[in-house]
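A.B. asks: As a plain string of letters, each chain reads:
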Amino acid sequence: MKHSERVELFNRIRARYAMFLTSVLWKLAGDRELFTEAMQYTLFEMWQRIDKLRGDDAGAYLYRIALSANSKAWRNRVGKNGRINADLLSPAPGQDEALARHEMARVVRRAVAELPAQQSRAIVMRYLEQHDYDAIADKLNCTPASARSHVSKAMATLKGRLAKLTERE
Amino acid sequence: MNDNEFKDILKAIGNEPVPDDVRQLAQKASQQFDQQLQSFGRPSVREALMRSPFAKLAAAAAIVIAAAIGIGVFTNGSVTYAKVIQPILNARTFVLDIIAGDESTAPVMHDVVADSRIRRTFSNAETVLIIDLDNARMLTLYPPGRTAIYVDIQGPVREGTKHFVRMVQNIVDQTRSDPHVKELGKRQMDGRAAVGFHVENEHSQLTIWADAETALPLRIEVTEGGERFVMKNIEFDVPVDVLQVSMDVPAGYTLQDKPFDMSQFSEKDLVETLRIWAEIINDGVFPDEVTTEAQMQIMPKLIEKIGQLQGLNEQQMTQIGVTFGKGMIFRQMLGNAGQWKYVGAGVKLGDAETPVCWFRTPDSQTYRVIYGDLSVRNVAEQDLPK
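So the protein sequences, as listed, match chains A and B. In this text, residue positions in the first sequence follow our numbering: the first is 5, and each later residue adds one. In this text, residue positions in the second sequence follow our numbering: the first is 2, and each later residue adds one.
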């Protein structure tokens, strides 16, 4: 593809999916620094894989790119400010409930970022984007029953990851 | 934690709205990526022919800014002697079409005016301008590329635009109160009975056709600074969606981080405009005329030609568009002061003996003559080319 075509296609896709990407990445990151990093990775991957974003399934492919970018941003965070206070997983009496939920959400986000790609997509579509199983199946290119199975497995994995994260922290 | 609590947390995350500052972070990341993009691979020479949306935006923006002035920068308020604004002219919003030059061929500017904000679109360009007269800023949007840029219009651009809007508001009052107004009688206009008035002074001529029953203006014709403008399809106090005149960058648009400065204009800009017109647009020959109408007409061609220049990066292409626009604004300022003469039709670029134009600024005793080689010389009035 010529550079000019590539730039035009990239700009068109970016404009079309800007709101979607912002929304998904913010839900996944929940943190401005992480969000910015994930957005940068996403844009870079979009540019690198622009050929695959030409078809009707561009949206589905962007999902993969965004989730992968989010995971990468979270991985880079380990050892920096990504520490999770284990106490917040079981709020002490009198502790501010909103703060506890906020921190809990952060733990869950981190756990989602560590899920295998297929499971990550399934759980994001089901609970963060709140799609029904038919829509998830369509995006994952599988049957609704398989989509349900992916979500179920993702939930189990997520709980396991969460337990490990708690132990690590 | 049980399954339901876990799902609740996930759903709560899913329901979180995106804060405004996060949207801005997204835009910033996008802009930073654009800057990095150039290092991923430069276009080949052949691909230099490509026209980037950004370059198009820049060129279009620069040109339409110049067109936005139209009339009245150095004038002494030829249409501001109306002392009383009639109630009907206190409309907070109005819409109208503005045509510079020949009505049958010239592009149309469509204005939606709401207090000190104007939304301006063009029949021959996809650029949208949102002008904030109070703060002297303009937001330029290019919908095909989903790009946006802010322009500083402190100075002549703002004053010229203000003057233009004010003129529309004053004109009916003027024609009603001026004792020298000539009545043109009645005629049918757009299926309505219209009454015409004509008034003129040393700087301008105004003709207005108003609805015979409501006295609301239907059509206004202005000749000033050697140029003719027609305003029509005028509606007062129409509902205007605040988003139409919002200075915020719309969702999904990428904001360019380097704003244009359109606050300073000089002879040098005019010389460069003439060079661009002859060299880039007109195959080495100066144009038949350098007017707002001609400028509006050649706008698409200029954008196309800039895009075809080889070996230039986006910044350089942008600079050409900006320079062209600035030179046209300077030329309009001269024209409105009545001290501008263009004689360059058919003159070849590089011809050091033949004058292309001359002008005198209000604070100068002598004229400046620009020749075909774009040299500029001081000339006394009695020595001007005949």
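No lab work stands behind these hints, which were simulated from the structure alone. Keep in mind it's a predicted model, so treat the numbers as computed, not measured. Glycine residues also receive a C-beta, built at the ideal position from the N, C-alpha and C atoms. Just to be clear, a hint being listed does not mean it is correct.
One side only, chain B facing chain A, incomplete, derived with CB under 7 Å [as the list claims (entries may be wrong)]: (1) G15; (2) V19; (3) V23; (4) L26; (5) A27; (6) A30; (7) F34; (8) R147; (9) K233; (10) L244; (11) M248; (12) P251; (13) A252; (14) L256.
A.B. asks: Now look at each hint and say whether the structure bears it out.
C.D. replies: Results of checking the hints against the structure:
1. G15: holds (4 Å)
2. V19: V19 of chain B check passes; min Cβ-Cβ to chain A is 5 Å, inside 7 Å.
3. V23: holds (5 Å)
4. L26: For L26 of chain B, the interface hint holds, since the closest Cβ of chain A sits about 5 Å away, which is under 7 Å.
5. A27: Holds. Min distance 4 Å.
6. A30: This interface hint holds because 4 Å falls under the 7 Å limit.
7. F34: It holds, given that the least Cβ distance between F34 of chain B and chain A is near 4 Å, below 7 Å.
8. R147: Holds. Min distance 3 Å.
9. K233: Cβ of K233 of chain B sits 34 Å from chain A, so the hint is violated.
10. L244: violated (16 Å)
11. M248: violated (19 Å)
12. P251: Hint on P251 of chain B: violated, closest Cβ of chain A at ~10 Å, above 7 Å.
13. A252: This hint holds: A252 of chain B lies near chain A, its Cβ roughly 6 Å from the closest one there, short of 7 Å.
14. L256: Because about 12 Å separates L256 of chain B from the closest Cβ in chain A, which is outside the 7 Å limit, the hint is violated.
Checked against the numbered hints given earlier, the structure breaks hints 9, 10, 11, 12, 14 and satisfies all the rest.
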